[in-house]
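Q: These are the residues of each chain, in order.
2 protein chains.
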Amino acid sequence: MRKFLLMMVVFLIGIACEEGEILDVEDGDTLDEDELLHNAQQIFGALPDVMPGSENDTPARVTLGERLFHETALSINDTQSCASCHSVTAGSAGVDNLQFSPGAEGQNGTRNSPTVLNAGFQFAQFWDGRSPHLQDQAKGPILNPVEMGMPDEQTVIDKIAAMADYPQLFAAAFPQSNPPITYDNLAEAIAAFERTLVSNARFDDYVNGDQAALSAEEKQGLKAFIDIGCASCHDSPIFGGNGFKKMGRYSMYANGTDYGRFEVTAVDSDKFVFKTSPLRNIALTHPYFHDGSANTLAAAVTQMASLQLGVTLTTDQLNAMLLFLDALSDKQLAQ
Amino acid sequence: MRKFLLMMVVFLIGIACEEGEILDVEDGDTLDEDELLHNAQQIFGALPDVMPGSENDTPARVTLGERLFHETALSINDTQSCASCHSVTAGSAGVDNLQFSPGAEGQNGTRNSPTVLNAGFQFAQFWDGRSPHLQDQAKGPILNPVEMGMPDEQTVIDKIAAMADYPQLFAAAFPQSNPPITYDNLAEAIAAFERTLVSNARFDDYVNGDQAALSAEEKQGLKAFIDIGCASCHDSPIFGGNGFKKMGRYSMYANGTDYGRFEVTAVDSDKFVFKTSPLRNIALTHPYFHDGSANTLAAAVTQMASLQLGVTLTTDQLNAMLLFLDALSDKQLAQ
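Chains as they are written, first to last, in the working numbering: chain U, 1 to 335; chain X, 336 to 670.
This is chain U alone, in the form it adopts within the complex (with noise of 0.2 Å):
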């Protein structure tokens, strides 16, 4: 009979050892560390120094787009800027931290604000991707009537022409383009600052070949975040940003009415349907979703495992999980 438990107990540690992340969870010496580093080499990479489109960012340019960044000028009653929503400043992580951002006037936009973070390393901006990069992006919040008011493009570049400095740094900027002060170049700035807005996470040592970057728990984290199959939808060096996804795939969103990608297509199976989010700086991005419902990252984990992948977590594979996220914020913003 102490036979039979004896090989019992090998049995059991097989069927855990079958499953992976659970048993490496409890017990990291499963653990290969080799492939681990090599699995993510190859899912996410470390982030490149260079943002898409950045080949013409002098450094003039960049200065015009962090000042416009931070222009409340850019609103109907000169009270927000870009960075009212995205905030940028020393602590920050490109975002507010509310569920909705108040506009100008008042008004709450209608999908949480997303940090501008790396924000050029996404295939397409805007929770529903409708604008292919950061240039087009920037022209929409301006005129938004609910975020920063301004009733045309006219109007706008009327306003900055008038303003001191301006025509001099547009100048500086753009300076093949007569006038230089169009609402394509204002765009065009804006995106040169933001393509500087590149992370330099914990993560990045570690994909770079450095093992001691992440703890023996953080590797934990992250493979269970690929056994689980977290990293389906979120890889590349952003850990997602690349395509869309239906918002609740082994079961329907409770909170779903928001109709997502369908606003832009108009077809039937791209409701709920929304841009697979970034996860870099994830630990300080609060709330979470297009909605902004999640207020902690382990009520969005949990939500998101059971609702995309139909997994129920163990207290085990989040905490890890938690772990692991934290190593994905910019070093300089990682508490």
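No false leads were slipped in.
Just a few of them, taken from the derived set where beta-carbon distance is under 10 Å, the chain X residues facing chain U:
{"id": "1", "residue": "Gln377"}
{"id": "2", "residue": "Glu390"}
{"id": "3", "residue": "Pro467"}
{"id": "4", "residue": "Tyr585"}
{"id": "5", "residue": "Ala601"}
{"id": "6", "residue": "Gly645"}
Just so you know, these hints were derived from the structure itself, not from any lab.
These numbers come from a predicted model, not from an experiment.
Note that the Cβ used here is the ideal one computed from N, Cα and C, for glycine as well.
Here the structure of chain U is known, so what remains is to put chain X in place on it, guided by the hints.
A: Only chain X this time, still in chain U's reference frame:
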């Protein structure tokens, strides 16, 4: 000892059950048909009748588009039309079934011609997603030196305007346009025709609730397709075409000389990244991959499982999935 052996068997069955699809493929009894249908409805859904952007596709516009799609005058030497590489005549699945398609002057393209059937349901066009929609896509090959080889837009328009019928057909298709014959309108008419190329496969009957539309073996294949992880990228009603993924996720793609999306973004992490292929009519659109290097669907599926999921398929898994993928063929095309 007999009792011990019995327990071993029970344990081994337990292990097999944990792995799900393996037992299912060998023994249909364990498949939960209701759950599978629910998952299929959530993850894929039926193909909508309407394609994005088809609001203004009048019969006159579609008629013109169909004619232009087959118009060899759109090539430099009157030898090629869109249909040369994307055949839609009876029995064809929107492709030419060649590894690379020869252009009007005999040079080969460098990527496999994808099917035009259901193409407009994708989030972007071309293997590298460089074009946002069908109209934009249609403008490319006509002017591409190694495809139809026309020198510029104006030459195309002049040539078409000088032909019989076209002035009248364009006027009917674009009554608000003056002049009606423009390169934009030409591409829009071709797109309007392409937006009529919507599949109707047995899978659509199944996902609309008809359990009898798929055989037991095909359901095993569907379940394997989901459980193994193929559906993580190949989802939505067209089974893909909704995001970018690296070709070679768990291991490098051996034939990787085409940088894919990197050619568009110039960002290192986009090397070897391509649009996920939609799988509608996949059984009919050999050869496979952006480089047409896989001659059979069995070879393509085997390689995808290995490269993208790190999985070695069993013969039973592969065969079941091949049977299932047949159910994604247009009924009119399926043999």
